[in-house]
Amino acid sequence: MKPDLTAMTAFLAGDAQADRLVPPTGFTARLTIFAAAAMAFLTVFAMALSLATGRLADRWGDELARASTLRISAPMDQRAAQTAAALRVLETTPGVAAARALSEDEQRALLEPWFGPDLPVASLPIPQLIEVIEDDAGYDAAGLRLRLAAEVPGAVLDDHTRWRRPLVTAADRLRLLGWLSIGLIGAATAAMITMAAQAALAANAQVIAVLRLVGARDAYIAGAFVRRFTLRALSGAALGTVLGMLAVLLLPSAQAEAGFLTGLGFQGWHWVWPLIIPILGAAVAYAATWQAAHRTLKELS
Amino acid sequence: MSYGGGELFGDISLTLSPGSFHFLTGPSGAGKTTFLKLCYGALLPTAGHIRLFGADLRTMSRDDVALARRRIGVVHQDVQFLEHLPVADNVALPLIVSGHDRNSEAENLRELLKWVGLSHRADALPAELSGGERQRAALARAVIMSPEVILADEPTGNIDWEMSQRLLQLLVELNRMGKTIMIATHDMNLIRAAKSQVQARVLRISQRRLQTAGADL
Ligand SMILES: Nc1ncnc2c1ncn2[C@@H]1O[C@H](COP(=O)(O)OP(=O)(O)OP(=O)(O)O)[C@@H](O)[C@H]1O
Ligand SMILES: [Mg+2]
Numbered sequence: 001m002k003p004d005l006t007a008m009t010a011f012l013a014g015d016a017q018a019d020r021l022v023p024p025t026g027f028t029a030r031l032t033i034f035a036a037a038a039m040a041f042l043t044v045f046a047m048a049l050s051l052a053t054g055r056l057a058d059r060w061g062d063e064l065a066r067a068s069t070l071r072i073s074a075p076m077d078q079r080a081a082q083t084a085a086a087l088r089v090l091e092t093t094p095g096v097a098a099a100r101a102l103s104e105d106e107q108r109a110l111l112e113p114w115f116g117p118d119l120p121v122a123s124l125p126i127p128q129l130i131e132v133i134e135d136d137a138g139y140d141a142a143g144l145r146l147r148l149a150a151e152v153p154g155a156v157l158d159d160h161t162r163w164r165r166p167l168v169t170a171a172d173r174l175r176l177l178g179w180l181s182i183g184l185i186g187a188a189t190a191a192m193i194t195m196a197a198q199a200a201l202a203a204n205a206q207v208i209a210v211l212r213l214v215g216a217r218d219a220y221i222a223g224a225f226v227r228r229f230t231l232r233a234l235s236g237a238a239l240g241t242v243l244g245m246l247a248v249l250l251l252p253s254a255q256a257e258a259g260f261l262t263g264l265g266f267q268g269w270h271w272v273w274p275l276i277i278p279i280l281g282a283a284v285a286y287a288a289t290w291q292a293a294h295r296t297l298k299e300l301s
Numbered sequence: 001m002s003y004g005g006g007e008l009f010g011d012i013s014l015t016l017s018p019g020s021f022h023f024l025t026g027p028s029g030a031g032k033t034t035f036l037k038l039c040y041g042a043l044l045p046t047a048g049h050i051r052l053f054g055a056d057l058r059t060m061s062r063d064d065v066a067l068a069r070r071r072i073g074v075v076h077q078d079v080q081f082l083e084h085l086p087v088a089d090n091v092a093l094p095l096i097v098s099g100h101d102r103n104s105e106a107e108n109l110r111e112l113l114k115w116v117g118l119s120h121r122a123d124a125l126p127a128e129l130s131g132g133e134r135q136r137a138a139l140a141r142a143v144i145m146s147p148e149v150i151l152a153d154e155p156t157g158n159i160d161w162e163m164s165q166r167l168l169q170l171l172v173e174l175n176r177m178g179k180t181i182m183i184a185t186h187d188m189n190l191i192r193a194a195k196s197q198v199q200a201r202v203l204r205i206s207q208r209r210l211q212t213a214g215a216d217l
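Each protein sequence line maps, in turn, to chains A and B. Each residue of the first sequence is one higher than the one before, counting from 1 in the numbering used here. Each residue of the second sequence is one higher than the one before, counting from 1 in the numbering used here.
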């Protein structure tokens, strides 16, 4: 026998008479609800972590892969000329879709986190930055470096791969760990529910034997237990999820100040994701209790 | 049939024909309870075959056994109830687990409780009942589904003669309605009383065989 969905919805509707046949257990019920809530709470964070690092990896992998930076470090009086020369070189480089010198304001914004506002960028010997956007084919970095070395001595090409690749790898790994944690939390929940269900079944062995003797089918007896644990897991997980989502919502946002970082949290339709946690929790409880009940019943005549 | 040690009994061939009335006697430990357990599928025979309503017990699924038990009312020797539910609910238990609407059977339940003299104890918990009251409640639970077969294991073990007579009366009436009855008992007076009212066969387990008792009873 296997759990199936139609039976699941039908039985959640409940059978008040069947529910009374198994004596109520206040304490273990609260423990189950608490465990489910705690697990759901943790799942929300693991999920937020996975989604956030996923965003990060995508962004670094995608956007930055197509962008590089040219740095013109030249004496003040040659800076404008070298910048113009570099732009000319870039315009004629195959694979470069666009090249643009950053304005003073943009450079100031980049430095602001370190030097504060009102930095007199123009009067400082700060290198001029040129943003280079590749087209889909990409350009030949080695070839470009050679040409720049000849024509613009103060230019240094940074194609970002040097620091981007380990970051993308780290973000990918973090995302994987996040999903792995969710899997482990699910398995641990199943284990806890199984133990709780097993305890409940053992405590009610006499009830089960009597029900069996008066002609109750296995599905009926199992249903009384499965319904309880599923509802407890569902309500516990719902509570934990709501609390977890609130906690994520209340996380201080770092968006504006750290533009290249991404806030830990959910964005846009990703807020739908945590809503499946209670359903998953209930499904795990359903399957675990069902297994435990049928194992117990098999041993009974 | 054996529990792993020596054979308890064997070489038995018996068919309970519909509407028959049987007593099962024999010394304590002879295997009366064991025999009844075989009859409602609580035990499988170590050798031979048992057929419930024509189906071989060995080939029946667990659900088949559950459904067969709804057609067999059993009064167990060690009467077991759901101790957290009142007597009325316990008596109605077979109805509840088979999905009957209890409310439509409320009248039936009240009649039955009155018959076994437990109307005033309907809301008591099983633990609050006397031994005899428990046995009467067990009989009521056994017959509430109006089963085709009623198996009673020492149903009069704890009750006085007058109440025994009333229980017997109920079983005799059920038998007249066409139910098949089998009662395991030591009580020879009960058997004699029954014999004056119905065509009852008396079976005796002794020396590991099932014998038809003589006419001396
Ligand atoms: N589950 C069991 N495991 C092992 N042996 C058992 C089991 N149940 C009963 N027996 C043994 O089988 C024998 C028959 O038991 P049973 O209960 O059928 O006797 P009985 O005729 O009903 O006796 P009584 O009149 O005392 O109720 C006894 O010797 C008993 O000890
Ligand atoms: Mg016995």
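Please keep in mind that the hints were generated in silico from the structure rather than gathered at the bench. Backbone N, C-alpha and C fix where the C-beta goes; we use that ideal spot for every residue, glycine too. A couple of the hints might just be wrong.
[Stated by the list, open to error] Derived, one-sided and incomplete: chain A residues facing chain B with beta-carbon distance under 10 angstroms: (1) Pro94; (2) Leu124; (3) Pro127; (4) Val207.
[Unchecked claim] Covered stretches of chain B (chain A as the covering partner; in silico rule of three or more C-beta atoms under 8 angstroms from a C-beta of chain A): (5) 16 to 29; (6) 71 to 80.
Going through the hints against the structure:
no.	hint	result
1	Pro94	violated, 75 angstroms
2	Leu124	violated, 83 angstroms
3	Pro127	violated, 81 angstroms
4	Val207	holds, 6 angstroms
5	16 to 29	violated (count 0)
6	71 to 80	holds (count 3)
The structure does not agree with the numbered hints 1, 2, 3 and 5 stated previously, though it agrees with the rest.
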